[in-house]
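Keeping the supplied structure of chain A fixed, place chain B upon it in accordance with the hints.
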Amino acid sequence: MSSESLGNGGVRGPSHHAAVYRLPDTLRGAVPTTAGLWTETVAGPADGGCATRRLADELCAPLGAAPSRLVLLEYGDGARDLVVSADPARIDRPAMDRLADAVLGAAHPDATAAGRRVPPPGDSTVDVLPVPLPDLRTGAWEDLLAATLGVVLARTFVSRAPVLELADGRTVPLPAEQDEDRPVAAYRALAATPVTPELPDGPGTRVLLLVDRHPARAELTHYRPPLDRRHAVTVHAAPDAAGRPVLTCWHRPGEFSGSSARTLASQLAQVAAELTTSAQERPLSEVDVHGAAERRRIVELGRTPRTAVQRTGALHEQVLARAKATPDAIAVVDGDSTLSYGQLAERAGRMANALRALGVAPRDRVGVCLERTSELIVVLLAVMTAGAAYVPLDPTYPAERLAYTAQDAALGIVLVDSQEPSPFDPGVAVPLARLSELAELQDATPPATGVGAADPAYVIYTSGSTGRPKGVVIPHSNVPSLLAATEDDFGLGPSDVWPWFHSAAFDVSVWEIWGCLLTGGRVVVVPYWTCRSPEDFRALLLRERVTVLTQTPSAFAGLFELERAGRTPLALRLVVFAGEPLDTRSLTDWFDAHPESECRVVNMFGITETTVHTTAQTVTRAEALAGSRSVGRAIPGWALRVLDSRGRLLAPGAPGEIAVAGDGLALHYLGQPELTDRRFVADPDGDGRLYLSGDLGVLLPDGGLEHLGRLDDQVKIRGYRIELGEVRNVLLGHPAVVAAAVVVGRDQDANVRLDAYLVLDGAEPAEVRRYVAGILPEYMMPGTVTRVDQLPLTVNGKLDKSRLPAPMTAPAQASAVTVDAATGVLGEVLAVWRELFHPGVEPEDDFFSLGGNSLLALRIVRLLRERAVVVTVRDVYRLLTPAALAGAATRAA
Amino acid sequence: MTGDRLAGRVAVVTGAGRGVGRAIALALAAQQAAVVLVDIAAEIPEVPYPMASVSQLEHTARLCRELGAAALTVRADVRSDADTGRVAAEALARFGRVDVLVNNAGIAAPSGRIVHEVTDGEWAVMLDTNLTGAWRMIKAIGPHMVGRRAGSIVNIASTGGLVGYRNFAGYVAAKHGLIGLTRGAALDYAPYGVRVNAVCPGSVRDSEPGEGRMLAEIGRSIGLDPAEHEEAFVTQQPTNRLVEAEDVAGAVVWLATDESRSATGSVVTVDGGYGVR
Chain A
1 MSSESLGNGG
11 VRGPSHHAAV
21 YRLPDTLRGA
31 VPTTAGLWTE
41 TVAGPADGGC
51 ATRRLADELC
61 APLGAAPSRL
71 VLLEYGDGAR
81 DLVVSADPAR
91 IDRPAMDRLA
101 DAVLGAAHPD
111 ATAAGRRVPP
121 PGDSTVDVLP
131 VPLPDLRTGA
141 WEDLLAATLG
151 VVLARTFVSR
161 APVLELADGR
171 TVPLPAEQDE
181 DRPVAAYRAL
191 AATPVTPELP
201 DGPGTRVLLL
211 VDRHPARAEL
221 THYRPPLDRR
231 HAVTVHAAPD
241 AAGRPVLTCW
251 HRPGEFSGSS
261 ARTLASQLAQ
271 VAAELTTSAQ
281 ERPLSEVDVH
291 GAAERRRIVE
301 LGRTPRTAVQ
311 RTGALHEQVL
321 ARAKATPDAI
331 AVVDGDSTLS
341 YGQLAERAGR
351 MANALRALGV
361 APRDRVGVCL
371 ERTSELIVVL
381 LAVMTAGAAY
391 VPLDPTYPAE
401 RLAYTAQDAA
411 LGIVLVDSQE
421 PSPFDPGVAV
431 PLARLSELAE
441 LQDATPPATG
451 VGAADPAYVI
461 YTSGSTGRPK
471 GVVIPHSNVP
481 SLLAATEDDF
491 GLGPSDVWPW
501 FHSAAFDVSV
511 WEIWGCLLTG
521 GRVVVVPYWT
531 CRSPEDFRAL
541 LLRERVTVLT
551 QTPSAFAGLF
561 ELERAGRTPL
571 ALRLVVFAGE
581 PLDTRSLTDW
591 FDAHPESECR
601 VVNMFGITET
611 TVHTTAQTVT
621 RAEALAGSRS
631 VGRAIPGWAL
641 RVLDSRGRLL
651 APGAPGEIAV
661 AGDGLALHYL
671 GQPELTDRRF
681 VADPDGDGRL
691 YLSGDLGVLL
701 PDGGLEHLGR
711 LDDQVKIRGY
721 RIELGEVRNV
731 LLGHPAVVAA
741 AVVVGRDQDA
751 NVRLDAYLVL
761 DGAEPAEVRR
771 YVAGILPEYM
781 MPGTVTRVDQ
791 LPLTVNGKLD
801 KSRLPAPMTA
811 PAQASAVTVD
821 AATGVLGEVL
831 AVWRELFHPG
841 VEPEDDFFSL
851 GGNSLLALRI
861 VRLLRERAVV
871 VTVRDVYRLL
881 TPAALAGAAT
891 RAA
Chain B
894 MTGDRLAGRV
904 AVVTGAGRGV
914 GRAIALALAA
924 QQAAVVLVDI
934 AAEIPEVPYP
944 MASVSQLEHT
954 ARLCRELGAA
964 ALTVRADVRS
974 DADTGRVAAE
984 ALARFGRVDV
994 LVNNAGIAAP
1004 SGRIVHEVTD
1014 GEWAVMLDTN
1024 LTGAWRMIKA
1034 IGPHMVGRRA
1044 GSIVNIASTG
1054 GLVGYRNFAG
1064 YVAAKHGLIG
1074 LTRGAALDYA
1084 PYGVRVNAVC
1094 PGSVRDSEPG
1104 EGRMLAEIGR
1114 SIGLDPAEHE
1124 EAFVTQQPTN
1134 RLVEAEDVAG
1144 AVVWLATDES
1154 RSATGSVVTV
1164 DGGYGVR
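Sequences listed follow chains A and B, in order. Counting along the first sequence from 1, when you hit position 523 you're at 523 in the numbering used here, and nothing is skipped either side. Residues are numbered in the numbering used here as their position in the second sequence, beginning at 1, plus a constant of 893.
Chain A with its partners taken away, still in its complex shape (with noise of 0.2 Å):
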């Protein structure tokens, strides 16, 4: 089997079919002439790439207005080929052959072309092993395929809403999620009743199944079914001379990448053998689509395999190892003050004497509920250093929460500070003064606590989308392995200045703090109003002379506001993206401004489960420009894999739940034993374990992950799987959409609908739902569009959605045309939808909810027409009620 590109550029309808037929060496000479008979010579042997180039452009060059055409291709080495291309309606290929005849002579069965190969033409061309199926001649076999590719587009091209089509236009019923506890036998049967389609244009890649029965002769080595634009793949079978099917895959570049029918070649090779060789009553769901190879390959594809560099031991220990090393560096500076490695570990370690004299046990665990300062920074260090793990509480946060966490943590103590009232019982906190007071009489030296790096360091809690915060308790050697994955490849060092920017309860502060101290650089302590104010943090980065920034896109925005007033340099070098998906169009100013020869711009894409970041992509302008979604490979010892709804592994192009293995993963949830089996599970295809991580994904072909959003955020939405990610993506391309934000909201009626929030720079909210109506079908579009001045984040810089405003659901245009409901373009439009579907239609009826399809939408534009109102069947489908029609309308003259 093979597959190749179309090359039937602009033709409606189906296009000519062609066949090459190899010469047989027996017959040497001349040919005999034949009317309209065109022979060319070839430069070079006949597998060289001139003759696969002149095949390819002979196979594909349409045919003019002559039934049929047939060409010579005479190759330097002597070989011949005959190239029939003819027009389907009225030359099938047993005719081809009856024509190639006129060339070939009528019969010479002993031909020894059989055992050659010509190299299938053009550029894209992927060779997989034949495909062994049963006997030819049964009606099982064209059912057998048809079984196939229904799997196969059910299990990995879901996404693409394909429909299987049949030469004679009925569809194949791809197998449901309950088709695949059920017998293998049982699709196989479901598969070989083909339907006629509701919708024959409906939306979603269109799959053409054509099986030709016919034998082919032994000269014939490639044929060109009769293409179709309508199909983004056409897979054609064939018997060979021999009797055995050939599987030929065609596919459109622009709609079904080389990359994706190279994987769908494959998968028909392995499901086909799959679907006749194996039991017929196991369950669908058991049929494993990739075979041992691919898997490997596929597993491989998303490792990253470790740096040399060595980091072991606890994450305290390498700081207090740093302090050695280097007691005068300074460490931390917070406003005037500063704090050098040699006093942080000094004061460290009387610290956690400290808290040892207050009852704190190796492998406990502390609350800290402190303003972000240098000397939260020691006490997180003296927790750790007292052999206990520091869980943190972010004093900005509500009562309730902290209460929760503290409870959930179970925490026998939280050090808090010693002005401000605290939360906490007064059994369990412990003001910063008395711990401080206590400290003074310790000595420095560190206790000894037998505590190892696979310990835990911290637990941080995350509030996920749904349900109640999670403590996600990460061990010691977690944090040196981040270090030793990232250190060398973005040089980080003694020289560089981190601010730490993100609360203490966010887990990219454990990247700032100790991501800084484990390498030796300077962390600067941004006060949390500063955090608010990008002119303030700009002043910061300034003075301080700022390295490396860690940010996430959307505090990013406002600092990047500043940097297009064009002011003095900064001396950033390394920006990382995190805890957010970069839109990276919108860097291309900001490379303007800093050259990627400057400051490396890194986005990374992370979880808290897997300890801050998961992957890193490097963003040059070549990435902006392109509009890149990628956010990189897993950094070295982590592991990606996409998985399905089962669990099973996907191939690189499908989407499905990111699942990440290696380095970084949290030991488990703190008292949540049942989530933790659930979410980490052991690795099928690995020695160790795979966290589930909740988050939509592809693996792309080069190993590097898309990130699609929250697995919560697919939503259904009249039956259509919809990513918001998606939408969000398309409102973010029209250029004056600064930023964007899409929501899964309800209509009065109940009925689920996408609500989107821009905030624009020259536009208007109908401007940009006019845009996104060319780009987006219509079952993705936003129900509403409102426009707000920023979108609000929450503390860790992420969107919030329950501060979002209520959408702006009457848009202005629509209900300036109700006015004048009774009369006008409106009263036409209304009067011929009411003649369609029923008498109680209303301006803002969505005309696919009336039950409206292609036909219906002819219909209407037909009637219009004949009352001198001239819309598009597009136009139809892109407005979908009366009002927005009337409002898109004009009057024929």
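No lab work stands behind these hints: they were computed from the structure. No experiment lies behind these values; they were computed from the predicted model shown. Glycine included, every Cβ here is placed at the ideal spot set by N, Cα and C. Hints may contain errors.
[Stated by the list, open to error] Residues from chain B that keep clear of chain A, each with C-beta distances beyond 10 Å, as calculated:
hint, residue
1, E951
2, D1099
3, G1116
[What the hints assert, rightly or not] Okay, the calculated bits of chain A under chain B, using three or more residues with CB under 8 Å as the criterion:
hint, region
4, 614-624
5, 633-644
Chain B in isolation, oriented as in the chain A frame:
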């Protein structure tokens, strides 16, 4: 289009950061020429829109390298003798020869005013960049070409070098002058095997990957809405479409190769038929 029509040759392209310059650089690189990419990559106070950035210039280089070509970037201002001299020196230090010089650097604005209202400063920057800049580059690289008895110089003029445009007197004067420079230099250099030709692009579409912005700036100078300027220009085109930067680059590639060895002092118009009406 890729090939090896310029294999072993070295081409200097000014204004290579984006737009037509980027397209020319890529087309030359696609024919396996080594490219020296020159751009000011800094703002000019009198010009009301941003010049290309270092990042854009480096991106052009990266795209050229992806085509298998060697690329050297040089930040230089064609209004400065010191800078153009440095371009020649760096090109020769790196590649040892220069076969092709494409004088593409140019500005569209300050424009949009009736001729007597143009200020001295505006007039000076327009002529200095669009006309004198090309002469300075020829001054810097011409002697080397004459010494080798080979070379092709391509000046990117404009339909504004053939016809007038209202409220663009400075631009039109500079581009007419550039065609004059082309003809004069062609005669001077003809005995030495160095050819000098001009290409006159018409309305070139600003493409997203090319990051061009000339057409938008011309449109802005005459008060066209940025959202609609393309349409306004298209209506002027007999072909009903704008010229692509790659179309201009195709003409440059031809003039750069020996395929055009008998063309010197010529003006190749790539304007979709705009000028024939």
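Status of the hints after comparison with the structure:
Not every Cβ of chain A is farther than 10 Å from the Cβ of E951 of chain B; the closest lies at roughly 6 Å, contradicting the non-interface assignment. Chain A leaves D1099 of chain B outside its interface by the beta-carbon criterion, the shortest separation being 12 Å against a cut-off of 10 Å. Every C-beta of chain A lies more than 10 Å from that of G1116 of chain B, the closest at about 17 Å, which supports listing it as non-interface. Residues of the region 614-624 of chain A lying with their CB closer than 8 Å to a CB of chain B number 3, which satisfies the three-residue condition for coverage.
A stretch counts as covered by a chain when three or more of its residues have a beta carbon under 8 Å from one of that chain; for the region 633-644 of chain A and chain B the count is 0, and the coverage is violated.
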